[in-house]
Amino acid sequence: MTHPLTRRDFLRGTTAALLGASLGFGQDAAAAKRARVVLVRHRDVLDENSAVNPDILQGMLDEAVMKLLDESDPVKAFAKLVKPGETVGIKTNVWSYLPTPPELESAIKRRLVDAGIAEDRIGLDDHTVRTNPLFVNATSLINARPLRTHYLAGMSGCIKNYIMFAESQEALHPDSCADLGSLFKLPMVKGKTRLNILCALTPQFHGRGPHHFSRRYVWSYKGLIVGQDPVAVDTIGLRLIMAKRREVLGKDQELPPVPKHIQLADTRHGIGVSDINAIELVKLGWNEDILV
Amino acid sequence: MDEFGRSIPKTISGWQASGEDRVYDRDTLYAYMDGGAEVYLAFDFRQVWARKYASPGPNPKELTLDIYDMGSPEEAFGIFSCDREDPGAGIGQDSTYGFGLLRFHQGRFFVSVMTTDEDEASGKAVLEVGRAAVTALGPSGPGPDMVGFLPRESLRPDRTSYFHANVNLNNRYFIASENILGLDWSTDCVFAEYETGSDKPGCLLLVRYSGAERAAAAKQSFLTSYAPEAGSEGLVQTENKKWVSAVVRDRYLIIVFESPDPDWARKLSSSIQIPQK
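Listed in order, the protein sequences are those of chains Z and L. The first sequence begins at 1 in this note's numbering and counts up one residue at a time. The second sequence begins at 1 in this note's numbering and counts up one residue at a time.
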């Protein structure tokens, strides 16, 4: 029988262990999946007004993708992800309070063009991906969005970013959005995601108000979390959110209720790795207050 | 709710209404808010009327006025009560304001006024818009009857929450990753905090089920998942040296968390003024 994660697990200090074991759901040892995730940070990517320095951000993305794919040149690294002649969709996020930064969208687009993708074959969309011809015909997808908490799903990360591909978003809401991982098995999506970029320049670690947003719960972390496995990327994102919540809100509020979809994306839907012990986290750049 | 478009001024302290006023209902609320809709749908939410205001001058700032018809004053209190962290602002039946976010309830309406570009001027405008809106909302209304069951001694009244569903409980006070209390639209819940003499309050969860059998089953489910070592009294000391207790009275489940000792939990549980059948 599955033992639910409870408040007492926090008091015992066993949440990390339980989360590592996917909220109590057993890992299949035989599967032995592993994933690499790159966390890159730069002190100067944001100025004092949180304006993004596009050149530094481009460098961060390049560095992360090179490290991820063991390449020494960013264009060659991107050429490992996409091939000339392809149609590529960049699934962005337009949530008004904390959207994917346009500078990040531009950085991705630039490297796709450098890798030989025609500009008119690159789609950039969020709400209308289901009907956008560039996404309907896409052979590759790049998944890019900010890291934040979510009142229902616990965390909005790369897995949840694909909810716009669903015929019914509401159908994915029961049980704390437990089955968001199923999105990656939709015909429009399956097997096409080449890169997941969780933007942690200014992550949001807690929500207030009707729209679940307040500037007081956003901080300048100045990072990108990059990987080919959306579950592994979100697992690291969740660790970061939990660490910040523990620091600011206290130990008993470290987990935003209840991000079970990340673990279930692994254990129920098999689309990636949520076991922290099976994730190789590579850290690049600025190390201060790194938290994970 | 279209009457709000006429009754609430389009210019307030120099801030001008911008764009079209919009109305969202239970079917369209997801299109308006990503991250919070489920919270409203867990109450008797009917519609929300939304208007944006822009500040005067170049590089205008923006604020958003949302008026939620929650169906009844009890439900309006409920949605207001689940997210109280800031001091009062003296607007409506009760209110909070902090960091550019004003929240209040009046009658069957819950209202939020919010700016993400908070400074002195925009903060003042948020409060002015709230004061203008409250005059359009009609008379006050009663709160949930269950709040009246709570013992008043040592109660922190501004920390009492009323709700129905597990999503609201877990955001107020996380208990478990599964819905071990069987909460849904048919259950009424009050979560309250009490002074204990230390810096940590004791907490009370009172749940009203549709019948005594459901309440008893919920207690058993809770003890199995949360306090399996509890004896017949439903009382156990947790890892932080505090006590938790669970008892059923008629169709009510009473759970005390963070109790400094067993007697404190017993006394609080027995002090609840549950009405006689």
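Derived from the structure by calculation, the hints contain no laboratory data. A few of these clues could be false.
[Claimed, not checked] Here are the simulated lysine-lysine pairs, DSS-like style, with alpha carbons at most 30 Å apart:
id	chain 1	residue 1	chain 2	residue 2
1	L	K219	L	K124
2	L	K267	Z	K251
3	Z	K251	Z	K76
4	Z	K80	Z	K283
5	Z	K251	L	K241
6	Z	K251	L	K61
7	Z	K192	Z	K33
8	Z	K67	Z	K251
9	Z	K67	Z	K80
10	Z	K251	Z	K80
11	L	K124	L	K52
12	Z	K251	L	K124
Sort out whether L:K124 lies within 30 Å of Z:K251, counting only the CA atoms. violated, 35 Å
Are Z:K67 and Z:K80 close enough, with their CA atoms no more than 30 Å apart? Cα-Cα ~12 Å, so holds.
Is L:K219 within 30 Å of L:K124, Cα to Cα? violated, 48 Å
Hey, Z:K251 versus L:K241, does the alpha-carbon distance stay inside 30 Å? holds, 15 Å
Going straight from one Cα to the other, do Z:K67 and Z:K251 come out at no more than 30 Å? Violated. Z:K67 to Z:K251 sits at ~33 Å, over the 30 Å cutoff.
Does Z:K192 pair with Z:K33 here, judged by a C-alpha cut-off of 30 Å? Roughly 19 Å between the alpha carbons, so the hint for Z:K192 and Z:K33 holds.
Within 30 Å, alpha carbon to alpha carbon, are Z:K251 and Z:K80? Given that 30 Å is the threshold and the Cα spacing comes to 42 Å, the pair is violated.
When you check the alpha-carbon spacing of Z:K80 and Z:K283, does it fall within 30 Å? This hinted pair holds, its Cα atoms lying about 21 Å apart.
Tell me if the straight-line CA distance from L:K267 to Z:K251 falls inside 30 Å. Between L:K267 and Z:K251 the Cα gap is close to 28 Å, so the pair holds against 30 Å.
Straight-line alpha-carbon gap Z:K251 to L:K61, limit 30 Å: violated, 36 Å
Would the pair L:K124 and L:K52 pass a check requiring their Cα atoms to be no farther apart than 30 Å? Given pair L:K124, L:K52 holds - Cα atoms ~16 Å apart, limit 30 Å.
Z:K251 and Z:K76 were given as a pair; does the straight-line alpha-carbon distance stay at or below 30 Å? violated, 44 Å
Checked against the numbered hints given earlier, the structure breaks hints 1, 3, 6, 8, 10 and 12 and satisfies all the rest.
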